[in-house]
Amino acid sequence: MESERPLDALNSARNKRVLVELKGGKQFVGKLKAFDIHVNVVLEDAEERFEGETKRKLGIIFIRGDTIIMISPE
Amino acid sequence: MESERPLDALNSARNKRVLVELKGGKQFVGKLKAFDIHVNVVLEDAEERFEGETKRKLGIIFIRGDTIIMISPE
Amino acid sequence: MESERPLDALNSARNKRVLVELKGGKQFVGKLKAFDIHVNVVLEDAEERFEGETKRKLGIIFIRGDTIIMISPE
Amino acid sequence: MESERPLDALNSARNKRVLVELKGGKQFVGKLKAFDIHVNVVLEDAEERFEGETKRKLGIIFIRGDTIIMISPE
Amino acid sequence: MESERPLDALNSARNKRVLVELKGGKQFVGKLKAFDIHVNVVLEDAEERFEGETKRKLGIIFIRGDTIIMISPE
Amino acid sequence: MESERPLDALNSARNKRVLVELKGGKQFVGKLKAFDIHVNVVLEDAEERFEGETKRKLGIIFIRGDTIIMISPE
Amino acid sequence: MESERPLDALNSARNKRVLVELKGGKQFVGKLKAFDIHVNVVLEDAEERFEGETKRKLGIIFIRGDTIIMISPE
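Chains as they are written, first to last, in numbering that gives the first Met the number 0: chain G, 0 to 73; chain W, 0 to 73; chain L, 0 to 73; chain Z, 0 to 73; chain B, 0 to 73; chain U, 0 to 73; chain S, 0 to 73.
Hint data in this document are derived by calculation from the structure and do not stem from the laboratory.
Just so it is clear, CB atoms sit at the ideal spot from N, CA and C, and this is done for glycine as well.
Heads up, some of the hints might be wrong.
So, partial list: chain S residues that the calculated Cβ filter (under 10 Å) puts toward chain U [what the hints assert, rightly or not]:
#1 Pro5
#2 Val17
#3 Ala33
#4 Ile67
Derived pair list, reagent style DSBU-like, types lysine-lysine, alpha-carbon separation capped at 35 Å [what the hints assert, rightly or not]:
#5 Lys15(S) to Lys25(S)
#6 Lys56(Z) to Lys22(Z)
#7 Lys54(L) to Lys56(W)
#8 Lys54(B) to Lys25(B)
#9 Lys56(B) to Lys25(Z)
#10 Lys54(B) to Lys22(B)
#11 Lys56(B) to Lys22(B)
#12 Lys56(Z) to Lys22(U)
#13 Lys22(W) to Lys30(L)
#14 Lys25(G) to Lys15(W)
#15 Lys15(B) to Lys25(B)
#16 Lys15(L) to Lys30(L)
#17 Lys56(Z) to Lys30(Z)
#18 Lys15(Z) to Lys22(B)
#19 Lys56(W) to Lys22(Z)
#20 Lys30(S) to Lys22(U)
Could you put together the complete structure from these sequences and hints?
Have a look at this one:
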């Protein structure tokens, strides 16, 4: 995830497990399969976490970009 | 729902039952019939859920994209 | 309201009574007379509802799209 | 206010008294003098209302569209 | 402030004292010196008001349009 | 800061100390070094203030425009 | 970070440690590796801070621009 443009950085995280934090406080973890310029994101083998604990397992999820605060490879 | 672009991923979920979570905490489940680049979504045989329970049955619903946090095939 | 694009779906609901739910929790019911790509909507014979009860009758109303969560034919 | 496009509907309300409800709960009533595609609105002989009572008289007011929930002819 | 387009209406208020109400409840009063299509506004001899009382005097202020609810000539 | 367009007004404040108020209630004071059409702003010798007191000194800061309510030369 | 355009200012902070404050009150500190016109940002060796204390270490993070209030070199 080293590059000059932020989205190139996301590209380096493709197929790696990432933590995605949302505006409402939700946290999802999963393998980053896809993203676009709006930072819409698709995670595989996703789970929702709460205070470090797995809250529920979700499989594949589509997350709308405008709810995302931060994305970080685990 | 395997692809490089997030909206292609939604395309793979077409005609499958999906869970749609909204910013205000609402959850809808229904068969994904249509979506567009704004992530506006149409569900068929939709129901609103609350803590895993069916709260009301709604038939066909149009959900405005900018209220959506997450979409996941059941 | 069966189609590939969400707005086509709204088109099928034209002249039918629809339920419109807003971000602030408000609910309006009325005959869908018009809508546009922003999901601005015009309802005829509209009424505001609260917990299933008619709260007030409003005649014709224009609802700004960005406040809308969900539209469903009754 | 009968038409296929929502803004045509606003056009039919021009020079009539309308109720304008805002996101923060405010209500203004006045004669609709002007509007644009952003639903920016100008009212004449405007007053702010609260629970059906006139709260203050304002003369001419410009209301920014993105704060508007709903517009209805009285 | 009589015209067909809302921004023409603001133009008629140029160099007059106007009341500007913001989303967070703030109120500013001052002479309207400039505005643009985003409804960004410049007031001269501005003061902040709270419940009809002058809270502080500010001289010239630039107000970002997307925080504005309403503008009205005093 | 006298002009017909609001951003020209900001231009007159360049290299002067300005007060910047944000949506969340924060206040920054500093020398206005740069701004753009989104009202993104750079302040030099910036400090955060709270109820008229200096809360912390920050040096150079970049403030994202969409969080700004108001800018005023001190 | 001295320039006429705010994003040039960010450019001068590249590869330096910066403090990034978000709308929800979160604070991240890290080396600024990338940004774009939306103020999407990539930090390296990032950590989340709370009241001056390191809350957690995160490595590389992508922060979505529209959640950012302020960026300042440490």
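Hints, verified against the model:
For Pro5(S), the shortest C-beta to C-beta distance to chain U is roughly 4 Å, which falls under 10 Å, so the interface hint holds. At a threshold of 10 Å, the smallest CB-CB gap from Val17(S) to chain U is about 9 Å, leaving the interface hint in force. Using the Cβ-Cβ criterion of 10 Å, the hint placing Ala33(S) at the interface with chain U is not satisfied: the shortest such distance is roughly 15 Å. Using the Cβ-Cβ criterion of 10 Å, the hint placing Ile67(S) at the interface with chain U is satisfied: the shortest such distance is roughly 5 Å.
Under the criterion of a C-alpha separation no larger than 35 Å, the hint pairing Lys15(S) with Lys25(S) is consistent with the structure, at around 20 Å. As the CA atoms of Lys56(Z) and Lys22(Z) are separated by approximately 20 Å, the hinted pair is consistent with the 35 Å bound. For the hint pairing Lys54(L) with Lys56(W), the CA-to-CA distance comes to about 22 Å; that is within 35 Å, so the pair holds. Our distance criterion of 35 Å between C-alpha atoms is met by Lys54(B) and Lys25(B), whose separation comes to about 10 Å.
With a CA separation close to 26 Å, the supplied pair Lys56(B) and Lys25(Z) stays within the 35 Å bound. Using a Cα cut-off of 35 Å, the hinted pair Lys54(B) and Lys22(B) holds, with the two alpha carbons roughly 18 Å apart. As the CA atoms of Lys56(B) and Lys22(B) are separated by approximately 20 Å, the hinted pair is consistent with the 35 Å bound. Proposed proximity of Lys56(Z) and Lys22(U) is supported: the alpha carbons are some 28 Å apart, at most 35 Å.
Proximity of Lys22(W) to Lys30(L) is assessed by CA-CA distance (about 27 Å); at most 35 Å being required, the pair is judged to hold. Restraint check for Lys25(G) and Lys15(W): the C-alpha separation of about 25 Å stays at or below 35 Å, so the hint holds. A distance of roughly 20 Å separates the Cα atoms of Lys15(B) and Lys25(B); the hinted pair therefore holds under the 35 Å criterion. Distance hint between Lys15(L) and Lys30(L) is fulfilled; the C-alpha atoms sit about 5 Å from each other, no more than 35 Å.
Between Lys56(Z) and Lys30(Z) the CA atoms are separated by roughly 13 Å; this keeps the pair inside 35 Å, and the hint holds. This hinted pair checks out: Lys15(Z) and Lys22(B) have alpha carbons roughly 27 Å apart, not beyond 35 Å. Restraint check: the Cα-Cα separation between Lys56(W) and Lys22(Z) comes to about 28 Å, which is no more than 35 Å; the hinted pair holds. At most 35 Å may separate the alpha-carbon atoms for a hinted pair to count; Lys30(S) and Lys22(U) meet this at roughly 27 Å.
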